[in-house]
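Which chain is which? The protein sequence lines are A and B, in order. Counting with the working numbering, you get residues 243 to 516 for the letters of the first sequence. Counting with the working numbering, you get residues 70 to 166 for the letters of the second sequence.
Any given hint might turn out to be false.
[As the list claims (entries may be wrong)] Calculated pairs, SDA-like style, for lysine to any residue (alpha carbon to alpha carbon, straight line, at most 20 Å):
| # | chain 1 | residue 1 | chain 2 | residue 2 |
| --- | --- | --- | --- | --- |
| 1 | A | 514 | B | 84 |
| 2 | B | 78 | A | 259 |
| 3 | A | 514 | B | 88 |
| 4 | A | 259 | B | 100 |
These are computed hints drawn from the structure, not numbers from a lab.
Residue-level listing of the chains:
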Amino acid sequence: MCPVAPNTRTILICSGKGGVGKTTLTANLGIALASQGVSTVVLDADFGLRNLDLLLGLENRIVYTAQEVLEGNCRLDQALVKHKQQPNLSLLPAGNPRMLEWLKPNDMQKIVGMLQDQFDYVLIDCPAGVEDGFKNAVSASKEAIVITTPEVSAVRDADRVIGLLNTNGIKPVQLVLNRVRPKMIESQEMLSVDDVTDILALPLLGLVLEDEQVIISTNRGEPLTLSGTKSPAARCYSNIAKRLQGENIPLIDPAKEGGGLRDRFLRLMQTKII
Amino acid sequence: MTLRDLINKLLGRQQSSASTARERLQLVLAHDRSDLSPELLDQMRKEILEVVAKYVEIDMEEGAVSLETEDRMTALVANLPIKRSLKNPDETNQKAS
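Build out the structure end to end from the sequences listed, making use of the hints.
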């Protein structure tokens, strides 16, 4: 077995709550990193409800999965699905949901160890919840990105997950705030970026603006970062990838998204006075 | 509190929903992080008040014990208004018993 590539970054993408954008972030980040020239693999650790293949448009190209690799029925390179338009990106599909009955942390570590030999980035798409699937995925990860939305339930679940990541020695843990609506923040009907980072006390890796294009790209199975569109969310995702790579890209300030008189007035109304 | 909240307050309107969300989250997270249920917290409040009442006269109804959280650190905060101090706590105890 080759020695572990020392610089491989193994990043868990998790949220606690379902439906906040873990898989979409994994897919877009995978494509964005790959197009920056680093070899990247995305691992679908959500064996119960796998969807990463669908978001990447690779669902028809799966032959083997992590299951066959672990059982020794195929080689790793037979299971890896290389993205056609972005060959720097590969997917290791999740196996059958029945795998959950026997999968243990050391199985996950074994799979991730094999991926670390070959890739610069291993992105692990974590299942929702904080049960066994989450624990298995955490055991194989070094660092984590917690994704949440500015909603009370998502923030609460993110807090729970952050506590568990800290207990397990995962470092660094960074935050991505998804589905940000500048207008609603301005009218103070949505938690602001500062509210969420204050409450969760995590460094902000990036925010993603609410964007209909995300749904359209999911329909097509072509992540936004693949097409080179300049849509708001696409910009946000590629900024996040650049920051992961160490580039100093300033955060989008949702408060500055609108410059009209009405926006300026709404900003005045947000001024903290106590 | 923001400028909008102040105006809403003056006009007797509801505060903005983001402020409500913030307050609700801070409270629920303090409990989540400490793993203390409201019942346990209330029991603790009563016991703390009993201990303090041995030394100073306090209003048993007024005392508030709450969890406050900042930067992932949770603190137990007790706010107990003292009416007056009792000079000899032992004596008071005997009287009470």
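A quick look at each hint next to the structure:
About 14 Å separates the Cα atoms of residue 514 of chain A and residue 84 of chain B, which keeps this hinted pair within 20 Å; it holds. With a CA separation close to 34 Å, the supplied pair residue 78 of chain B and residue 259 of chain A exceeds the 20 Å bound. Straight-line distance between C-alpha atoms of residue 514 of chain A and residue 88 of chain B comes to about 11 Å, which keeps the hinted pair within the 20 Å bound. Taking the CA atoms of residue 259 of chain A and residue 100 of chain B, the gap is near 18 Å; set against the 20 Å cutoff, the hint holds.
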